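Our numbering runs 3 ahead of the 1-based position in the sequence shown.
Calculated directly from the structure, the hints in this document are not laboratory data. All values derive from a computational prediction rather than experimental measurement. In this text, a Cβ means the ideal position worked out from N, Cα and C, and glycines have one as well. Accuracy of the hints is not assured; some may be wrong.
Unchecked claim - Within a straight-line C-alpha distance of at most 25 Å, the following computed BS3-like cross-link-like pairs (lysine-lysine) qualify:
no.: 1; residue 1: Lys-379; residue 2: Lys-369
no.: 2; residue 1: Lys-396; residue 2: Lys-488
no.: 3; residue 1: Lys-369; residue 2: Lys-436
Unchecked claim - With beta-carbon atoms standing in for the labels, derived distance ranges:
no.: 4; residue 1: Glu-485; residue 2: Asp-442; range: 26 to 32 Å
no.: 5; residue 1: Ser-167; residue 2: Ala-64; range: 49 to 55 Å
no.: 6; residue 1: Glu-485; residue 2: Glu-390; range: 18 to 24 Å
no.: 7; residue 1: Lys-117; residue 2: Glu-175; range: 19 to 25 Å
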Amino acid sequence: MEKHFYITTPIYYPSANFHIGHCYSTIIADSIARYKRLDGYDTYFLTGSDEHGQKIEKKSAEAGVEPKEYVDKIVENAKDLWKRLGITYDRFIRTTDEDHVETVQKIFTKLYDKGDIYKGEYKGLYCTPCEAFWTESQLVDGKCPDCGRDVQEVSEEAYFLKLSKYQKQLEEYIESHPEFIQPETRKNEMINNFIKPGLEDLCVSRTSFKWGIPVTFDTDHVVYVWLDALSNYITALGYGQENDELFKKFWPADVHIIGKEIVRFHTIIWPIILMALDLPLPKKVFGHGWLIIDGAKISKSVGNYKDPREYIDAYGVDAVRYFSLREIPFGNDGNFSEEALIARINSDLANVWGNLVNRTIGMANKYFEGTVTNPKSAENIDIPFIEQIDDLKIQTDNKIDELQISKVLEMIFDVLRNSNKYIDDTAPWVLAKDESKKDRLETVLYNLLEAIRVTNILLKPFMPESTTKVEEYLNCDKTAFEDAKYNENLTYKVTDSPKPLFERIQKD
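Using the sequences and the accompanying hints, generate a full structural model.
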């Protein structure tokens, strides 16, 4: 039976200035998508850009261009950054895409005809930067609880979505599906801070600006950004369109990977939209923490802002990907600093992985002219080492399903560290001095090459460039995910002059 997997990141508000925090969700989602593809899943990975709203209308006017022209340039910048980071999305959806616009209009009309959207007047507090409505009790010191900026009182004719109608159904769903909102702290926050106090009906149209999807039956109104943006997860698959094969295959989503600041929209508003449409809910919504730099929020005014391409140019894309995935337990806030990035490169990538690859291939060339097989002269010290190699794939599969990416990398690097220890414990340079130990020496080197091969297969989703180099160094054809287990019957013909995977970095 074919296995399907659908993963999404939030579609990003088009910003001319991307920082490393913007990349975090997408690097994580890309790594999971790559892992699932390599593991035999028919995988669909969606990302994109959220291009409508008052902010864009205002900024494009200030720039003296039409809103679409304004976002076109920014989207190209985003796509270039994703390319530099090795992001392998299946679709980059834009909320200005024609199929998305048409389907959002159909969704709005369907919910209106059903009675779940009604016309009224909105009076309340609105944060323009976050494009979010708040009640007085939700403000923090009178300001937006998400971004900390001022809110404005607004009053205008609007259409509303009946969130209150679905409150009990949503509560029952969350209670019966404990895995739906992850991690647990986010679920408790949604229940206690937003759902239990009572859901208010949501404003889903605006008349104070024009840059949005027009409501077909009342063109003075444009669809409010959150109904517009959230619907991308199904419009991208062809929901409501003539060709809906992708929707039939991949919905419901296996996981939405999002930042913690938009968990409320994805676990309250989005599920209720789906309930109103009589559609199944996504299996899991995971709200991860924020990246901060040197203990401070990433900001040009603070002076800690860098375009992520600067890090890629200086240290390599795999180093940036590895640090983002390994340094921060998924779900928590984490600190990104150049010093910590360099420390990870030197300790994990250069000292552990790169050193192991170069030492092992160097000995294979020195003692066996690059050709290594397995004479099977095993000793007791080999057994736990081989078992750790053989069990690694099962363990990483479990942690991937739990979205514990940092733990996956920790497990893989435990094997790499143990491989370096295995070299110290078996002392191949001593075995090489005794001709009667030649078979034993070859077995030791074979086991090391197997450790490198298996870990390299499992590192492919996270560091695709470096693992491609290691494959070339090993010159062995067992490189598929199904081959990620100890194999005692291979022949290695390693390269004679591998370049270091990662150079140690000296920085003042």
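So, going through the hints one by one against the coordinates:
no. : hint                          : verdict
1   : Lys-379 - Lys-369             : holds, 20 Å
2   : Lys-396 - Lys-488             : holds, 7 Å
3   : Lys-369 - Lys-436             : holds, 12 Å
4   : Glu-485 - Asp-442: 26 to 32 Å : holds, 29 Å
5   : Ser-167 - Ala-64: 49 to 55 Å  : violated, 36 Å
6   : Glu-485 - Glu-390: 18 to 24 Å : holds, 19 Å
7   : Lys-117 - Glu-175: 19 to 25 Å : holds, 20 Å
The earlier numbered hint that this structure contradicts is number 5, and it is the only one.
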